[in-house]
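Chain order of the listed sequences is X and A.
Using our numbering, the first residue of the first sequence is number 1, and each one after it goes up by one.
Using our numbering, the first residue of the second sequence is number 1, and each one after it goes up by one.
Bear in mind the hints are in silico, worked out from the structure with no lab data behind them.
There is no bait here: all hints are sound.
Derived EDC-like pairs: lysine to aspartate or glutamate, alpha-carbon spacing no greater than 20 Å straight-line:
no.	chain 1	residue 1	chain 2	residue 2
1	A	Lys-758	X	Asp-107
2	A	Lys-758	X	Asp-102
3	A	Lys-758	X	Glu-187
4	X	Lys-269	A	Asp-577
Take a look, some chain X residues computed to stay more than 12 Å from chain A by CB distance:
no.	residue
5	Glu-127
6	Glu-130
7	Glu-134
8	Lys-206
9	Ala-213
10	Leu-313
11	Gln-326
12	Thr-329
13	Ile-386
14	Thr-393
15	Asp-409
16	Arg-442
17	Asp-455
Note that the Cβ used here is the ideal one computed from N, Cα and C, for glycine as well.
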Amino acid sequence: MTLLNHIISIKLKSLIIIALICSSCSHDWLNMQPSDSLPAEGALQTVKDVDYALNGAYNAMLHHYYYGGTMLWIGDVRANDMMSTSIGVRTSNEYRFQSTADNISADLWSQPYVVIKAANSILYQKENIEIKTESEQETLNSYIGEAYALRALALFDLTRLFGKAYKADNGTSLGVPIVTELLNPAEKPGRSSVAECYQQIISDFKEAISLLANEKHNGRITQEAANTLLARVYLYMGEDELAYNIAKSIIDSTEAQLIAYTDYENSWKVGLSSESIFELVSTSENNAGGESMGYVMSPSDGYGAFHLSSSYLSLIKEIDTDIRAQINTDFVLSGRTDAIKDAYLGKYPGKDGSNYVAVNNHIIARLSEVHLIAAEAAFKTNKKQISLEYLNTLVEKRTELVDYYALDDYSLVQIMNERRKELVGEGHNYFDALRDGETLVRDHDNFFGEISEIDFNHNKAILPIPRAELNTNPIAQNPGY
Amino acid sequence: MNLSVVRSTIKLKQHKSILLMLLIILCLTVNISAQAQGQKLRGNVKDDTGEEIVGAAVVINGTHDGIQTDFDGNFELELSNLPVLIDVSYIGHVPQSFKIDAKNINKPLKVFLKSETTELEQIMVVAYGSTSKRSFTGSAASLSSKELTELPVADVSQALQGRVAGLSVGNTSGQPGSGMSMRIRGTGSISSSKEPLYVIDGVPVVSGDLSGSSTMSSNVMSSINPDDIENITVLKDAAAASLYGSRAANGVILITTKTGQNNKTQFKLKTEYGFSDFAMPLVRQVDGDTEREIKREGLINYYTDNGYSYEEAASHVDGNGNSGISGPTLDGIAPIPNGGYSDWESELFRVGVNQNIDFSASGGNEKTRFFTSISYLKQEGVVERSDFDRLSGRVNINHKVSDKLSFGVNTTLSASEQNGILDGTSYFTNPVYGMNIFLSPTLPIYNTDGTYNENLPNGYPNIAYEQSLNNINRTLTKRSLSSLNASYDLLPNLNFKSTLGIDLIFTDFTQFNPSESRDGRATNGKTQMNSKYWQTITSSNILTYNKTINDRHSINVLAGYEVEHTTDRVSSMTGIDFPNSELYHIKNAGQVTAASSSENERGLISYLSRVNYVFDDKYYLSASYRSDGSSILSENNRFGNFWSVSGSWHLSKENFLSSATWLTDWRIRGSYGTNGTLPNNWYASQGLYSFGNNYNGNIGGMYSSINNPNLRWEQNYAANIGTNIRILDFMSIEFDIFNKETKDLILSVPISHTTGFKNTLVNYGGMNNKGWELGISTDNITNKNFQWTTSVVMGQVKNTITKLYDDVIPWPNFQIYREGYSINSIFLREYVGVNPQNGNAQWYTNTQDEHGNIISRELTENYNEANAVIVGSTDPILEGNITNTFHLKGFDLSAMFNYRIGGYTYDRTAADPSRGGVNQSENDGAHWYVPIRESGADRWQKPGDITDVPRYVYGNTSLSGEASTRFMHKADFIRLKSLTFGYTLPQQLTRSINMDRVRIYFSGMNLWTWAANDIYDPEVKVNGLNDWTLPPMKTYTFGIQVDF
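With the rest of the complex left out, here is chain X:
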């Protein structure tokens, strides 16, 4: 009997131990949350949360496939003022117009849509944000305005990269899919027309302008920035009067001032110059990294993948005193045996004394452009004298020459050339060269591209839709690809 008892007691003890081990882990124990994320549902509740979401959107915008790099250099190496250093380097496909659906980076297409998703996530929640005070409501309104403006800018960039120039056919050809809400994974939005895209862009910018607070906010899109971008959009569309009106009102009201001649060189090394309207701020912690504009361009610390062309250099040397010619450096890339010195643009030197060339602010809008918009739009609407004044004001700041251009031989070419000189390396030149139907002639020395003359009717004037999108969304590819 004692033996039996003994066995039973041992069995019981064991069973108790097993039961204890089993019960210690209930099935709730299997609910785990990551350490760096919240459940998506309900992540945006307070005004602060909206601010965080906006920062997320700017972070996506600073990505090296967007304004941190590709978006900028693609607008330059396809034009006549900058060129790839050699075949096979970064930018050389774009320089040579050799992009295909397969070799183009899908991120050039998807990254603006990430920004749109971030903006839509705010707009989707905008009615449900907790508001405690009136000033919170104002802040929230301004944030919502930012979301609209970001969405507009991303759609504008997509449309000008992948859709035909508006003026080519008044926007009747295919633009890109317009996304104004959070999509579920199964959705496959089709391409809207370029005109529809522009309509959406304008409507979003207008909404943004009505909501945004009229104040400066470094590194973030402001009412003034939204206005500048809207003026640019109008210029692309040939709505010159509208563009002029906006540009004029900005110049009349802004606190920004054109960079002084003596400050010009240094302004690139610090960022947020006196004429800054909207620029993406890089810090040593948050920047576009080893594929950034500065890194891809820098011949000494990066890839030295592209540099200024002979055409640009002869243009910028028209005036001896032009400060813009003096920020560039001649550099023999990595001991080339042919000892060819190339001129590298000095706009991305690494800011704030940082010795990391990836840390540069990426300018999206500044007062110079507004002057150039005003000059161009005024000229096109037959306000030549006004136009001349706007242009000469800018030229004076850059060359210290007063009234450089004179009314007698004043022409649109002079304005467009001034745009090239001023905005080189900021992603404008290619779009500016084509948007009005002009033929872009790429006549610089050592040209090694495929296409030396192009206008907006050429199939290769716009980029192919990346294969990754075509594989998942049955939208039409651009002709010629």
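With chain X's structure known, arrange chain A on it following the hints.
Positioned in the frame of chain X, the structure of chain A alone reads:
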């Protein structure tokens, strides 16, 4: 007189618990009585390698009376009633009986006991226990330590390459300490893990790359010393593996470490030294003169294409000017360096050196047995500054408290350091990449003053210079893997066993680029450190019940409960701006640019059960069931049920076959069951909003994943039919056919990027792997002085994707996942060679209708007019090995050839679509600086030339170097995978110096290779891709092992 201690010196291949059982039985049964009167029988017992067996039992048949052999294998037994039958037995060996009568009693009895290892009685380790191979109803392969440990490998998976039917092992990197990639019976998943589960001493452990670096592969399995391993079992079918439920869908590799014997303490010292070099030539570049000749031709072609005459072009290219041409000259792009052409290969690579010292002690008594080892391994890689070293120790102890209660602890500690290069991808400092892409003989390594030429004219870094700098890529791994177990017999037939496993891994990856280096100069030096802390705790509690009824019905029931919890904690930081090139720690940094930490957790709760039933040693049935609940899936889909049924029939035991004496043994087996697979992402089912997307120093958040509550387990349904036949006690045949159906594939489906996401996980799709495996082994010659055995292993797997959402083109864009085709299908434009008239590359258009049928197959010289089609696959038709083993007195020789027939590999080093044509080594001049491969010498030069290599043109824009079948090559090869030649010193000699055994040996890996395509090593990545990873090495190792 009962003898309590049975001594043995032979290292057994069986699982410790079985061994313990056998030892106990032996102790109980061997009752040695002094035979007072009678005649003495003298004798000696040896094993089939001619080595004396210590502790073999010599027993009079039908009694417990007998004796054991002494240290020299000798025995003396007094016999009274002649004639008598004497049984000689020893664990792990086939017992023999001898009739002793008055005539032969005075002749010394020489006994050779044959090892059981080739017999079907072999014990094998299976899921949650062990069984005899005879009663095993599933499909598995078992390997002993002897087959594994004489190869100079840091990681046991390298030794498995080519050894097991149905197991494919791909090269991840030839760097010391890097891992291998494995597939058991084909690829079972698309986006989830395809790698098998590792179980060490009953505890599932983490495997793969835990280095925390995406740029250098480091294999955590290399923290386990192969010399500590007693046995490896590769579980292949559902019956074998489904008790591991989830994670077992890709098969299971069970590793059992060594254990002590119930005998005197045995010491073993092994030391090895060896060399390594590339198994196949790395890159076949043309010499400098040929390169200049081809590049000159390319420049002239370029200028003549642009309207200049040949004479003008040639004059300009040769630097004679006066032609009005501006543009590069030959000396501009490919000059003769001042010091003559450069030999980059000998500058960048060296002969690797391997060293290994392993010391172990094992032994025990009736109550306690132990095994302990300490080992140091150092491998210097063929790349300068690459090496791996490991210090590891192990203690395995089993203690019997009473007849019912026993404890065990197995623990290993290891510390390893791996220094390497960032290989595989297009890193500047990767010499394999450099040799393919930018290091040509026309580039000077040194300046005329003997200093390094720091910047090459093509803008790329001088890797020789980089190697001379203090560039650091280092992974430190510390691992502590312990399992503790307690076993208690609740009832005579009912056992409770509790096992606690704790696997702690700490890895630390450091990348430092000093200010002089290419990657560090922009920031005046840069250090990145990633630390990872991985912890898996497993607890399993298993009840087993064994009962034999009427000697004919044997039943074994197992029920258990298991939990597993894993924490994966990572932290990383980056610092820039360093005072010098030695002090790389971030404390010295001028600026910390990034710092981050995060932690992920995963949990699993499982209920498991198994019933085995055996009738009359003829019929075997087994059924298992396991329910797994995982934290990875949403609450509603959390639990998955996995089960298997299997059986086998021992035909040769049937009366109707008893007359077939030629048939030593015949069994047939069958099994069917399920396993599951989980997504790789531990939070895959959750919609998440993530932080860390900061901007301008402010907090930034972003929707990072889409809510996915319907995500379920990926299910595998596997069937297996097999047979084992042994004929004339000479030839063994094992044959299996299998069919593995995967349903509800977890797929990362690309979605429209307009959503702001790129893909989402869904359960959609199916896949099938079917195939067969055949193993034949023969004992060709078996006598006491000479033995020769041969084994031939072969297998085939055919993969088909049975259901798929849509075509998927996985990175790096040479394959396609398409319904109805193998997952390993190659999808490329079809290259047709060169137009003999103009030297242009040609492709077939392969225009397809909307159903994918090819409707037109015109020749085109425009790459963009050609369409990619499925042109083949990387699947072999047949792969396997042939092994011959010879023993002649003290000498032994073993050679394993492995082979592969059919299938293709793809050479990404020659063509890479990733950046629109950058990174191609065969680009016909598109990139002027790229060195020229030997194949380039066959370029088209003049009309009428028939060749596959297009005309070489500077700045070639024809896209002839873009991805196409031009870079697809046959994968057939045969390779002398391993060769071991050893000599065991005669025992008289070793005894005289107080040693038990002394063996000297040579072993080599990959010593000889024939490959259909000899441009690169045929053993590429497991998906058939040749990229810029270091290829497999050829190694020569000399070793000596002393037992005392």
